[in-house]
Amino acid sequence: MVILSRADDQCVTCHNSIEDKPSLLFKNDIHQQNGISCADCHGGDRKSEDADQAMNKKIGYKGIPKGNDITKTCSECHNNQAKMKRFGSSIKTNQLEFFATSVHSGGSIDGGEWIAQCITCHGAHGVSSVKSMQSPVHPANVVKTCTKCHSDPSYMKKYNPSLPVDQLSKYHTSIHGSLNKKGNIDAAECASCHGSHNIYRPADTRSTVNAVNLPSTCAKCHSDVQKMKKYNIPTDQYKKFAKSVHGKALLEKHDLGAPACNDCHGNHGAIPPGVESISNVCGTCHALNADLFASSPHKKAFDQRKYPECETCHGNHEIVATTDALLGVGVGSVCSKCHKSNENQKGFVAAQFMRGLIDSLELSEKNAKGLIEEAQQKGMEVGEAKFKLRDVRQSRLESRTMVHAFNPEKFKDVVNKGLEAAQFVKSEGQSALDEYQFRRFGLGVASFIITLLAVSLFLYIRRIER
Amino acid sequence: MQENTQQKRRDFLQYILGGSFLAWLGAIIYPVLSYLKPPKQAEVEVNSVNVGKSSSIALNSGQIIKFGTKPVLLVRTAQGNFKAFSAVCTHLDCTVQYKNDLGLIWCACHNGKYDLNGRNISGPPPRPLSEYRVTLQGDDVLVSKIA
Amino acid sequence: MKKIFQWLDERFELDALVKFMGKKYVPIHSHSVWYYFGGVSLFLFIIQVITGILLLLYYKGGEDLAFESIQFIMSKVSFGWLIRSIHSWSANLFVLSAMIHMFSVVFERAYRKPRELTWLSGMLMFFLILGFGFSGYLLPWNELAFFATKVGTDIVGVIPMIGKPIMMLLRGGEEVTGATLTRFYGIHVAILPGMFTILLGLHLLFVQRQGMSEPIEFTNTPEHERETMPFFPNFFLRDLLLWLIVLNVLAILAVFFPWELGVKADPFASAPAGIQPEWYFMFMFQTLKMIPSHVLFIDGELLGIGLFGLAGLVWTLIPFWDRKTARGEHNRFINYIAFFAICYIILLTTIGWLS
Chain A
1 MVILSRADDQ CVTCHNSIED KPSLLFKNDI HQQNGISCAD CHGGDRKSED
51 ADQAMNKKIG YKGIPKGNDI TKTCSECHNN QAKMKRFGSS IKTNQLEFFA
101 TSVHSGGSID GGEWIAQCIT CHGAHGVSSV KSMQSPVHPA NVVKTCTKCH
151 SDPSYMKKYN PSLPVDQLSK YHTSIHGSLN KKGNIDAAEC ASCHGSHNIY
201 RPADTRSTVN AVNLPSTCAK CHSDVQKMKK YNIPTDQYKK FAKSVHGKAL
251 LEKHDLGAPA CNDCHGNHGA IPPGVESISN VCGTCHALNA DLFASSPHKK
301 AFDQRKYPEC ETCHGNHEIV ATTDALLGVG VGSVCSKCHK SNENQKGFVA
351 AQFMRGLIDS LELSEKNAKG LIEEAQQKGM EVGEAKFKLR DVRQSRLESR
401 TMVHAFNPEK FKDVVNKGLE AAQFVKSEGQ SALDEYQFRR FGLGVASFII
451 TLLAVSLFLY IRRIER
Chain B
1001 MQENTQQKRR DFLQYILGGS FLAWLGAIIY PVLSYLKPPK QAEVEVNSVN
1051 VGKSSSIALN SGQIIKFGTK PVLLVRTAQG NFKAFSAVCT HLDCTVQYKN
1101 DLGLIWCACH NGKYDLNGRN ISGPPPRPLS EYRVTLQGDD VLVSKIA
Chain C
2001 MKKIFQWLDE RFELDALVKF MGKKYVPIHS HSVWYYFGGV SLFLFIIQVI
2051 TGILLLLYYK GGEDLAFESI QFIMSKVSFG WLIRSIHSWS ANLFVLSAMI
2101 HMFSVVFERA YRKPRELTWL SGMLMFFLIL GFGFSGYLLP WNELAFFATK
2151 VGTDIVGVIP MIGKPIMMLL RGGEEVTGAT LTRFYGIHVA ILPGMFTILL
2201 GLHLLFVQRQ GMSEPIEFTN TPEHERETMP FFPNFFLRDL LLWLIVLNVL
2251 AILAVFFPWE LGVKADPFAS APAGIQPEWY FMFMFQTLKM IPSHVLFIDG
2301 ELLGIGLFGL AGLVWTLIPF WDRKTARGEH NRFINYIAFF AICYIILLTT
2351 IGWLS
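Chains as they are written, first to last, in my numbering: chain A, 1 to 466; chain B, 1001 to 1147; chain C, 2001 to 2355.
This is chain A alone, in the form it adopts within the complex (with noise of 0.2 angstroms):
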């Protein structure tokens, strides 16, 4: 290839001439400021000045490539490191192979052909470089550039009806959103989540917004101390989420039901949720414990004093497995903090009755389990016992769950049952172990027995042989 000047290539001097409105738009093209020509991708001879001549297809004129041959022309370049090196340029060639994997690369409607080409989103004449303000797929424009078609329902419609096409919208709402919209292009737009070339459906554990890849792809900016600075937003979310319960289940479990970062702040509409409305964020799993929180005196008092609702007691992003520990006035205790035996009394008294309660179900509940344990270890069967043993462990699962009404009277209902189980799979096991004390007992009364008749069988027989 001969890099020319502008001036010998009769493609552009003649198409300016007549206006043609694409070889306008190629002159700021960054492919013309590298000495591409029309030729290159369109085919012909571009030095003819004779048209017939210039753009006859015996001497390999195409005309404009149509469907995948589009994208096709485009990686002849741009999936050839070698060529790509020769123009100076260091950007990656594997683009073609990334987006033949994605999401795009579907069949579009009108024939098998993919449902975007390189020019659906970077153009075709006047292409800049992604760095440029000019470029669609610059972080500035991108998020035009993808709405384009993703807030078009009557296109989404043709590809994935079930897919929402409110994303601008709700982008808007965001922070990032907002600063994008001013031009800050340190804020996340559409490719930053979702990739470029490679875009996958979020149930493909290969998109970076699957549920367990989605933190990673949030703290790749969120985790930045430079980036974050100049927001005041601290950086150490990924880590305390990693720790969390949560995050073990989701990151290290694949535990799908287990939340990533969006199901609490969203999406596209990612925002921290208000101090009020964190028990309905947390309750969108956790509803019961919602449910008892909301009627319960503390949804209240919280709210007028400002406390983030179960964050108060639980914490954000670092959640752990709770224990029983957290209830109670004693050391590590949550309730501690705000009910002092001087100070907020009744909630003292409270948390102090119902502590006892739940610590006094689960030693019933370590005592008849050993009991059963050590019968079944002597080899009784004690199934119906066992049984049983699952309604105290119930009735304590339950018991934690209703803590959350702060109410006593209800805690104390719940505990009991699980008591009242408890002491039914005690005695079980008691009269399981005094059933193995009567087999050893009777043995040894029937060893008795049976000693005594051969003794003295011995003496008669020896009697009778004298």
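Please keep in mind that the hints were generated in silico from the structure rather than gathered at the bench. By construction, the Cβ of each residue, glycine as well, lies at the ideal position given by its N, Cα and C atoms. Watch out, some of these pointers could steer you wrong.
To be verified - One-sided excerpt, in silico: chain C residues whose CB lies under 8 angstroms from chain A: (1) H2031; (2) M2074; (3) H2087; (4) N2234; (5) L2237; (6) L2240; (7) L2244; (8) L2247; (9) A2251; (10) I2252; (11) V2255; (12) P2258.
Unchecked claim - List of simulated lysine to any residue pairs, SDA-like, C-alpha gap at most 25 angstroms: (13) K1040(B) to K1066(B); (14) K378(A) to S1034(B); (15) K2264(C) to E373(A).
Here the structure of chain A is known, so what remains is to put chains B and C in place on it, guided by the hints.
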């Protein structure tokens, strides 16, 4: 004189022999007789549990039945169909129950909800409940394992 | 007491029977102790019959009931644990004591003329005992039994031509299923006991008719030096004494080492580690495991089964080929064979246990 003691000893030995033989018989017969006595629960109940008459089970209701050592929830829908599921919540092993106001299976521990096909539809349960087969034999409702 | 006896005596001539038994003598010599194992085996068989009948009252055959019904017996029925444990323990002691009885007969050459048929009936009973063990093992329908039965019947299937049909016949289908359980149940409680009872009757009849066998050395000693003891009541009472002790041992085993039930069999589960047959099949199982898969052009397993079959046949027919003993001479060769068999069984069983 010597014959007399001999005689006495013989009697003594025979008493012991006879007595211990009787005691031995007792030691054999007692367990066997107690074994023969029908136990409280007359029969082993297992893989197929007879729940009772279908006419005595109310529409739109649920009940926990003991299936071997596991609880099973038998639901009679508002339409009168029978459904049975393992009553062990797939979240933390609590026992689920039928909520007739919602027409759903509900776990009291963490508000897990399952639909009447056992699918987990809301709350923390990670998996559906396993289903049991309900068959009607005349008027008797039998719950059995799906092999 | 006396009146009842007289009443019966008038009708059945019991007196003659007592006299007959009183006239029967048991030789006393240094090996007399081995005489007791026949009696112990008989006692254990009686125990098996009684406890087996008791278990029948609550046991329910069938894939979905067998395990649960045993669990029911063990937990809900009073003394059910005792009956079941005794049945299981006694089964194992039964095999052991029958084995001892068999080997002692070989060492004492008690099978020699005129007792060939006594030996033959005894051997047949021994095979039936093994059949009892194999079929009874499956009845609780637990995991171990399920897989042991699977392996055991698989081995039968290896035999060419007849193996597959026999396996199908035993299993009641291609696989070990509820049908197998039903078949084994029938075999265990009806077919085997029937056959066994007939053989036992013959065996006892032979013994009563021919009296106790005497070792060759004993026969060769002069008549006045031979010591004997009347069968009734002396030997009979000794038998009873031993039976009492065995009964007590059974009770102790049942209380201190109750027979475990394990986990219910799940035909779809993968086999758990450490699947082992009952100990008395262990040496055969271990041998089959150790034979390479192909010896020359013969399938290894097939070779093993063939060899065991042949050994069993030769062993069973000892009285018919052991001419030397029949002539009243001492045949050391028999001792070597029996000694080798015992060592082989002990060695392979130990290896099986350790591996």
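Hint check results:
no., hint, result
1, H2031, "violated, 20 angstroms"
2, M2074, "holds, 5 angstroms"
3, H2087, "violated, 16 angstroms"
4, N2234, "holds, 6 angstroms"
5, L2237, "holds, 5 angstroms"
6, L2240, "holds, 6 angstroms"
7, L2244, "holds, 5 angstroms"
8, L2247, "holds, 6 angstroms"
9, A2251, "holds, 6 angstroms"
10, I2252, "holds, 7 angstroms"
11, V2255, "holds, 4 angstroms"
12, P2258, "holds, 4 angstroms"
13, K1040(B) to K1066(B), "holds, 16 angstroms"
14, K378(A) to S1034(B), "holds, 22 angstroms"
15, K2264(C) to E373(A), "holds, 20 angstroms"
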